[in-house]
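Colleague: The listed protein sequences correspond, in order, to chains D, R, L and B.
Residue numbers for the first sequence follow the numbering used here, beginning at 1 and rising by one.
Residue numbers for the second sequence follow the numbering used here, beginning at 1 and rising by one.
Residue numbers for the third sequence follow the numbering used here, beginning at 1 and rising by one.
Residue numbers for the fourth sequence follow the numbering used here, beginning at 1 and rising by one.
One or more of the hints may lead you astray.
Stated by the list, open to error - Here are some chain D residues pointing at chain R (derived, C-beta under 10 Å):
1. Glu122
2. Pro250
3. Thr279
4. Val360
5. Thr392
It should be emphasised that the hints constitute simulated quantities derived from the structure, not laboratory data.
It should be emphasised that the depicted structure is a prediction, and the values quoted were computed from it without experimental measurement.
Ideal placement from N, C-alpha and C gives every residue a C-beta, glycine not left out.
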Amino acid sequence: MGLCMTLDVARIRKDFPILDREVRPSVPLVYLDSAATSQKPAQVLDAMRDYYERHNANVHRGIHTLAEEATAIYEGTRAKVATFVNAASPSEVVFTKNSTEALNLLAHVLPFGPGDEVVVTEMEHHSNLVPWQLACQRTGATLKWIGLTDDGRLDLDDLDRVITDRTRVVSFVHQSNLLGTVNPVDVVVAKARSVGAYVVLDASQSVPHMGIDVQALGVDAVAFTGHKMLGPTGIGVLWAPLARLEEWPPFLGGGEMIDEVTMAGSTWAVPPHKYEAGTPPIAEAAGLGAAVDYLTDVGMDAVRAHEHELTAYALEQLQAVEGLRIIGPTTTEMRGGAISFALGTVHPHDVGQLLDERGVAVRVGHHCARPACLRYGVPATTRASVHLYTSTDDIDALVEGLRAVKAFFGA
Amino acid sequence: MGLCMTLDVARIRKDFPILDREVRPSVPLVYLDSAATSQKPAQVLDAMRDYYERHNANVHRGIHTLAEEATAIYEGTRAKVATFVNAASPSEVVFTKNSTEALNLLAHVLPFGPGDEVVVTEMEHHSNLVPWQLACQRTGATLKWIGLTDDGRLDLDDLDRVITDRTRVVSFVHQSNLLGTVNPVDVVVAKARSVGAYVVLDASQSVPHMGIDVQALGVDAVAFTGHKMLGPTGIGVLWAPLARLEEWPPFLGGGEMIDEVTMAGSTWAVPPHKYEAGTPPIAEAAGLGAAVDYLTDVGMDAVRAHEHELTAYALEQLQAVEGLRIIGPTTTEMRGGAISFALGTVHPHDVGQLLDERGVAVRVGHHCARPACLRYGVPATTRASVHLYTSTDDIDALVEGLRAVKAFFGA
Amino acid sequence: MSADSMYQEIILDHYRNPHHKGLREPYDAQVHHLNPTCGDEITLRVALDGDTVADVSYDSEGCSISQASASVLTDLVIGRSVTEAGKAYDAFVELMQSKGQLEPDEDVLEDAVAFAGVSKYPARVKCALLAWMAWRDAVVQASADMEGSTS
Amino acid sequence: MSADSMYQEIILDHYRNPHHKGLREPYDAQVHHLNPTCGDEITLRVALDGDTVADVSYDSEGCSISQASASVLTDLVIGRSVTEAGKAYDAFVELMQSKGQLEPDEDVLEDAVAFAGVSKYPARVKCALLAWMAWRDAVVQASADMEGSTS
Ligand SMILES: Cc1ncc(COP(=O)(O)O)c(C=O)c1O
Ligand SMILES: Cc1ncc(COP(=O)(O)O)c(C=O)c1O
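Full structure from sequences and hints, please.
Modeller: Listed below in structure tokens is the structure:
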């Protein structure tokens with residue numbers, strides 16, 4: 001694993017049971033689909049199992065021992081997540097089911113109406129596009145978007161044209177899951193602030209790979225998702241400053257999110273509970289807490305440095321494959337480790353299928369970012385994406401596989 | 001375990017690791033809080049662990065082996081749930097994060113507006129009350145409710161007064177989590193149908209304890225939740241006939257729920273995907289599938305018969321405690337195994353706390369059904385609730401504990 | 001009951017025979033506080049005499065912890081200066097947030113030290129604090145009124 | 001490539017040298033089908049001559065499976081009666097839904113039997129079916145038009 005100096009990848013891989021798996025007899029798994037979902041270390045699985053085997057109970061309002069313990073675990077993860085992203089208080093951390101719910105919640109509670117404008121970008125994941133399309137239909141606001149440059153960046157020349165005095169919300173992705181691009185948050189925030197718009201950041205791909213400081217980012221809300229950051233499925237996070245969570249109206253109604261209920265009407269609990277209707281993802285919180293501990297122990301700087309090295313290596317190796325075209329930035333500058341590409345005329349489905357026969361798991365398709373695919377004139381791409389457990393061996397297996405695919409199709 | 005003839009409870013208990021736990025040294029757990037959440041058999045935990053250790057991947061759209069396997073597991077549970085509740089097709093089963101989300105979804109997509117009326121009952125869980133309160137505020141419709149009789153039943157004399165030609169939706173609970181009451185679905189459905197209203201059933205407490213047949217019930221939508229039916233947290237179910245799911249508009253927007261997306265607008269996937277935006281609860285589906293298998297193996301008739309016997313025993317033993325007053329039906333007729341009560345003048349908090357010192361876990365409070373508590377003039381109750389792993393020993397421990405509580409407070 | 005029990009004899013005594021219970025005249029401010037989770041409620045009156053807490057009277061419903069805590073509160077603050085009583089308030093709140101990690105100061109808290117064990121039970125801390133929060137609220141209102149009338 | 005591979009030599013031959021590709025005149029109906037997940041598309045024309053499928057022409061973009069399947073389709077249906085072609089359609093759809101559990105009938109499906117392996121890959125079944133769905137759609141339209149003009 002020659003190049004990986006910053007992280008003891010071999011040791012880290014031991015924590016991830018699935019990485020020992022053979023996809024078929026004698027065909028070991030080479031997992032390069034971490035942008036879709038990350039694998040989980042045994043520590044996360046142990047925390048969930050321990051929760052269910054020793055502490056399982058519904059949280060809050062219970063005064064028996066299990067209920068107290070379950071509540072402590074659940075609220076403990078809230079505090080861990082708050083520290084992880086440098087929130088001012090655990091009360092600013094709302095648990096949702098995934099990023100998508102967090103973004104839909106925002107699209108429901110942020111205030112805008114007819115004549116107002118909502119701005120997104122052309123590289124959004126559908127989860128940060130469709131909720132705003134629906135919200136604009138519902139409210140009579142207009143959706144606008146910032147375009148992209150040929151090399152996979154936001155077209156910042158568009159900013160002044162698109163963001164105007166009518167803009168109420170600017171919602172954009174921190175790191176693109178399709179292109180790998182990391183967007184200049186400060187530039188967009190400065191422009192949005194100058195017109196008094198709320199700023200929402202989709203950090204689904206940045207929190208897991210580089211960590212974030214929500215206070216330094218200077219935005220009004222951030223969404224991310226547990227399953228991409230070594231945590232379980234079924235849990236996501238909405239962060240927003242307490243004052244915002246207090247000011248915005250509720251979204252889902254039900255148990256936990258209320259203060260006083262009568263048949264005639266109800267009042268709301270204080271944040272974060274106001275936004276957590278119903279039984280929350282308790283075991284999932286146990287798992288996410290362990291995931292945050294794991295990432296913190298390794299250190300997000302080390303994770304970032306490792307992925308940076310890997311990305312540099314992958315970009316170099318991939319571009320050496322004849323006929324391979326990268327969709328997105330071709331250097332590591334302001335870029336993460338999700339790399340989309342086209343392989344000559346071979347269709348991504350065929351690339352993905354033949355790679356799978358060699359155990360190499362990549363994603364093919366539009367990666368829930370169809371507008372960006374259209375922008376670059378491809379109906380679909382092949383995407384390889386890394387995480388802290390990815391080694392240069394994995395990249396080598398990919399590149400070798402791609403050469404075999406080309407040979408197979410005579411391309 | 002003298003009385004439990006219908007089920008081999010001792011054998012079943014071996015499957016639930018947490019039931020071996022001691023709350024404190026030499027104080028074994030007596031879990032009587034299953035209406036809040038059920039415990040999980042090892043089979044469910046194994047299924048989830050196996051998912052994470054061998055098959056974890058994001059579902060749909062992936063063509064690598066793990067993605068195909070994860071998709072097969074996820075869709076496999078959909079088919080199992082469909083069979084379990086006798087849905088006409090797996091496509092009628094939508095996975096949500098819990099019952100609460102399913103009910104909120106319905107409150108957002110069902111069509112009603114100013115002048116229209118929505119009817120609930122005074123025994124609803126907040127999760128089937130607050131979403132309709134919010135929806136009425138949003139749309140200008142009016143919320144009405146069916147009252148309760150002194151013995152804890154729906155006041156059916158109210159039906160004709162409350163459900164009128166203006167009623168668009170009637171949403172009510174199948175089995176009350178506070179009172180234990182099982183409502184006469186056929187009577188309410190007949191009345192609602194006669195005025196052309198949609199009928200929504202909150203089956204959160206009935207699916208886990210008696211099973212349901214969604215087609216026989218004749219309603220338009222049913223909500224239930226995984227964690228109360230031996231499954232994990234983080235997954236719930238909305239069932240509705242395919243024609244309804246096709247006709248209603250989408251709720252949350254994002255990945256998975258779309259057909260074609262452009263910046264200017266999108267079209268929706270067919271049900272159930274239309275209502276499943278974002279990464280779904282995949283590992284949770286693996287667990288829920290195992291839970292459904294477990295319940296099916298035991299047989300819902302046996303579960304129901306066992307709980308019926310237990311409830312009869314508990315009602316008898318509890319009523320023998322001097323000064324104990326049951327809030328809800330005092331016989332087993334049309335009643336499940338959640339039993340709320342007041343113990344003389346001892347406050348429920350004190351009852352619960354002292355029971356906990358003996359290892360007996362019950363819930364105290366308003367159980368997210370505050371209006372019904374108000375109706376019966378109690379700010380809170382103590383509630384004991386059972387599941388298939390509950391034994392008469394557990395009931396005996398409760399009753400003994402209650403006598404000790406009385407002695408302690410000289411009540 | 002186990003040694004860990006929150007039900008100290010002192011607490012049970014105050015619960016069975018609450019001190020200063022019942023609403024009395026005269027008073028400068030009256031507040032009503034509710035813990036919606038469990039339905040505990042208290043109506044509490046404060047009478048100030050210059051800088052002194054002349055009387056605290058109350059009517060309440062709830063669990064033994066909330067009842068005993070109201071009784072202990074009145075013992076601690078009636079007849080004290082607002083400043084001194086405020087110190088007892090601060091000490092009690094700190095104790096309740098201590099998760100069982102604090103050795104309470106009996107000179108400041110008197111019978112209220114018996115609540116140290118309660119702080120280990122997050123769900124019950126609210127019960128113990130109900131009367132204290134109401135008292136704080138009432139004092140703030142009464143003081144504001146006095147300032148209003150003297151200025 | 002592994003023995004399990006869906007990439008049978010027959011499929012690759014059709015992919016490299018697709019039969020009947022390109023749009024031709026005359027035609028009775030033209031349809032456009034899209035698989036939005038992967039972007040595969042096909043424009044397909046059907047010409048009927050009474051009860052006979054006189055011609056099927058198409059223009060398409062997509063993976064080897066969707067391309068080969070279009071080519072195989074044209075071989076199977078051109079020159080056949082609509083009823084006979086419909087049988088091939090039914091057999092192909094059934095094969096694709098079989099999850100690898102069906103032994104295909106070579107008399108009915110000819111080269112299309114090579115797709116048996118594809119049915120084990122749910123994500124690729126849509127690719128294999130794209131041209132067939134388009135063909136079915138076009139035939140229904142063309143027949144309806146004919147009925148419309150004769151009635
Ligand atoms: C009758 C009833 N409805 C709805 C719910 C809400 O379920 P969940 O919290 O899983 O959304 C519950 C349980 O808490 C319930 O008992
Ligand atoms: C950039 C981005 N935003 C949002 C999402 C949605 O996350 P989830 O599916 O967990 O809601 C994803 C991942 O799928 C993503 O990559």
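Colleague: Now tell me if each hint is right for this structure.
Modeller: Taking the hints in turn, this is what the structure says about them:
A least Cβ separation of about 6 Å between Glu122 (chain D) and chain R falls short of the 10 Å threshold, and the interface hint therefore holds. A hinted interface residue such as Pro250 (chain D) counts as satisfied when its beta carbon comes closer than 10 Å to some beta carbon of chain R; here the least separation is about 7 Å, so the hint holds. For the restraint placing Thr279 (chain D) at the interface with chain R, the shortest Cβ-Cβ distance is roughly 5 Å, inside the 10 Å limit, so the hint holds. Proximity of Val360 (chain D) to chain R holds as hinted, the smallest CB-CB distance being about 8 Å (cut-off 10 Å).
Interface restraint check for Thr392 (chain D): the shortest CB-CB distance to chain R comes to about 20 Å, outside 10 Å, so the restraint is violated.
Of the numbered hints listed earlier, the single one contradicted by the structure is hint 5.
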